[in-house]
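Residues per chain, in single letters:
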Amino acid sequence: MTLTRRRFLAGTAAVAATAFGAGACSSPTTANPGRLTLWYSTNGVSEKVLGEAVRRFPAQKLTPSKISGELNQRLLAALSGEAYLPDITMLGDGISTYFSATDRFADLNALGAAQDEKNYLPWKWQAGRSPDGFQLGFPIDIGPAALYYRHDLFAEAGLPSEPDAVAQALSTWDDYFEFGMRVKEKLPGRYLITDTKMVFTYSLAQERQKYLDRQNRYLADQSQVRRAWDRAVRAFQMGLTAGYAGSAGGEGVDRLAAWNNGKEVAFVNASWITGNLKQSAPGTSGRWHVCRAPGGPGNQGGSFLAITKYCPDPQGAYEIVKWLLSPENLAAAYLELGLFPSSPAAFDDPRVQAPEEFFGGQTTIEVFGKIAEEVQPVYFSPYDISISDTYTDELTNVESAGKDPERAWEDANTAVERLLRRQGVLA
Amino acid sequence: MSVNRKWRYAPQYLAIAPFFVLFAVFGVYPILYSLWLSLQRWNGVSPMKFVGLENFRFLLTDTAFWDSIGNTLIIWVMSTVPMLVLSMLVALGLNSSVRHKGFLRVAYFLPNVTSIVAMSLVFGSFFSNEFGVLNWFLSLIGVDPVQWLGDPWAIRIAISLMIIWRWTGYNAIILLAGLQALPQDVFEAAELDGAGPVQTFFRVTLPLLRPVLLFSVVMSAIGGLQIFTESQILLGNRGGPEGAGMTMVLYFYNTAFADNDFGYGAAIAWGIFVVVVLFSILNWRLVQRPPRLKGDVR
Chain A
175 MTLTRRRFLA
185 GTAAVAATAF
195 GAGACSSPTT
205 ANPGRLTLWY
215 STNGVSEKVL
225 GEAVRRFPAQ
235 KLTPSKISGE
245 LNQRLLAALS
255 GEAYLPDITM
265 LGDGISTYFS
275 ATDRFADLNA
285 LGAAQDEKNY
295 LPWKWQAGRS
305 PDGFQLGFPI
315 DIGPAALYYR
325 HDLFAEAGLP
335 SEPDAVAQAL
345 STWDDYFEFG
355 MRVKEKLPGR
365 YLITDTKMVF
375 TYSLAQERQK
385 YLDRQNRYLA
395 DQSQVRRAWD
405 RAVRAFQMGL
415 TAGYAGSAGG
425 EGVDRLAAWN
435 NGKEVAFVNA
445 SWITGNLKQS
455 APGTSGRWHV
465 CRAPGGPGNQ
475 GGSFLAITKY
485 CPDPQGAYEI
495 VKWLLSPENL
505 AAAYLELGLF
515 PSSPAAFDDP
525 RVQAPEEFFG
535 GQTTIEVFGK
545 IAEEVQPVYF
555 SPYDISISDT
565 YTDELTNVES
575 AGKDPERAWE
585 DANTAVERLL
595 RRQGVLA
Chain B
626 MSVNRKWRYA
636 PQYLAIAPFF
646 VLFAVFGVYP
656 ILYSLWLSLQ
666 RWNGVSPMKF
676 VGLENFRFLL
686 TDTAFWDSIG
696 NTLIIWVMST
706 VPMLVLSMLV
716 ALGLNSSVRH
726 KGFLRVAYFL
736 PNVTSIVAMS
746 LVFGSFFSNE
756 FGVLNWFLSL
766 IGVDPVQWLG
776 DPWAIRIAIS
786 LMIIWRWTGY
796 NAIILLAGLQ
806 ALPQDVFEAA
816 ELDGAGPVQT
826 FFRVTLPLLR
836 PVLLFSVVMS
846 AIGGLQIFTE
856 SQILLGNRGG
866 PEGAGMTMVL
876 YFYNTAFADN
886 DFGYGAAIAW
896 GIFVVVVLFS
906 ILNWRLVQRP
916 PRLKGDVR
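Residue numbers (our numbering), protein chains in the order written: chain A, 175 to 601; chain B, 626 to 923.
By construction, these hints were calculated from the structure, which means they are not laboratory data. Computed from a prediction, not measured in an experiment: that's the story for all the values here. Every residue, glycine too, gets a C-beta built ideally from N, C-alpha and C. Just so you know, not all the hints are guaranteed correct.
Just the calculated beta-carbon pair ranges, DEER-fashion [stated by the list, open to error]: (1) Phe-675/B / Gln-383/A: 31 to 37 Å; (2) Gly-848/B / Thr-346/A: 34 to 40 Å; (3) Pro-551/A / Val-646/B: 49 to 55 Å; (4) Gly-268/A / Phe-675/B: 56 to 62 Å.
Stretches of chain B that chain A covers, calculated by requiring three or more beta carbons in the stretch to come under 8 Å of a beta carbon on chain A [said to hold, decoys possible]: (5) 810-820; (6) 828-834.
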């Protein structure tokens, strides 16, 4: 048979059509059928512990898969398509987004989670539960917020420098601002407030309520928001903010440089910043201490593991999750990645109790652990990140573009109301 | 007989089918789906809720959206005009007899093939307010530091500079190709008639280069309406202080993928579509207009 052009074209088309048809007919529901796929984001779970879990649970054929970029987007896409889904997945502090879709997940309580609840911080455990009692998330890490400060510079300025003394002197935000004025006087050109966003974020993190209640209704009383706002504006008006606002994430080059050259003598942040601090300012090792943050205990950030309903072996998956996030393994993850354990039992682990050279021999887990235990349960709604961003955007306008604070407040409120109306929260 | 006729061209249709099948799956379907999505309220996981034209009604009164159109156009003009002038100068330079032409062409083109993300990170350090290279340089020549990522206009300048840096070389190469294709006899005639270099450039080179310039303008308009990465890496999803770096596409991205508001995101995408259509009509009219030559050089 000679190969004519027509036959060639027909043949190619036929092959292409067959390939296309075969490819289109079936896409698996889970990413690796016959195996348990676990999605985690970069540095979200300890890879050492994951590797051990793979060996420990050979029957389940655990397949960890690191998702670079936005895990949440990948998960939403996979859920919409009901294809290539993970069996176990990490969820961030936006976990409440999925409370309206609990039919796509496994209730951990049905898998024996109720017995394990006691080992974890109650407020964190509750944050992984939907308003109607569906246990969606198993806690990984939390973000207790503390005051990080340069004890050498505090001492140099003749200010209290031991953690207990500093915590006592700076128990409220007002104390902190007054202290800031003294620092400014004695150590000109140095700051202990990164930007207005820092004050707003951590002040609000200390409140019992944020913006919405657990039924996703906008709270009639938003005075806590106004309180955080006023504090942030006040810090700016007193000239206490370093004004690194604007650059992405507030962790631009300026702030890193300020850590290195001692311009930023103190700041309030959740525990997860420790890794950045160590990495970005190794030269300041030994000169930092941490203590309770002004204003009280608060939490910012943290994540969970959840099991999807597409998982063929939820019980097996739960055993893996439970082991991965056992107090001992949480302690290991804390040492490796600085993921702060959500289980108080991990705080007593001898490995994490060792004095830390970077913090001048202080055992920081004692400070963070105490804060973690005192955090109030607070509901983090699916809209919280957008709302907070709206307020901090306007604070940035006040701080770096000279906008009138009262106008900025009104603009922020209008924007929040529009956002919530669009989402159907407000009528 | 008629069946035979009907299937006569089947192989040809089959041969062109791959494009149309792929286009239908990855082009037509998403477009239609986004239109459907723009009529819904959807957070990505819960069931969709049909809201009719609600999203579009909202879009028309959304100051953030109108601001983002304004920002996009401002940044586009601020980047395109200096970029084209620079490209022209570079192209003229490369067209005259200089050494190492090949090397220079590659060097000018290099920014265009550099990863935007890597570039934006470098520019982030470059523009940083207090410890940035640019402010250090300004302080050397006695100029006060500028809050490059804090002041709304400085932000727009910073983004424009990044775009200029990236696209000058690309357009210079295009213009250079245009310059080299121009007929030499016209230039000889101009020289014989006693035209100086400046006169030759404005009276001969530029009018002849018009189609190439238009191509550059159209291409930069297409790119300019899609400015996204530079803003996002430099300033984050929210566009920085006063939302100065909030472009149309960034606003769309932020709404759909950060706020998980896919219905409204789709509506914004259609808003962007309308803006792009208006621009295309403008461009089209610009290209269609017959060249207005004072003295026909040919």
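How the hints compare with the structure:
{"no.": "1", "hint": "Phe-675/B / Gln-383/A: 31 to 37 Å", "result": "holds, 33 Å"}
{"no.": "2", "hint": "Gly-848/B / Thr-346/A: 34 to 40 Å", "result": "violated, 52 Å"}
{"no.": "3", "hint": "Pro-551/A / Val-646/B: 49 to 55 Å", "result": "holds, 53 Å"}
{"no.": "4", "hint": "Gly-268/A / Phe-675/B: 56 to 62 Å", "result": "violated, 25 Å"}
{"no.": "5", "hint": "810-820", "result": "violated (count 0)"}
{"no.": "6", "hint": "828-834", "result": "violated (count 0)"}
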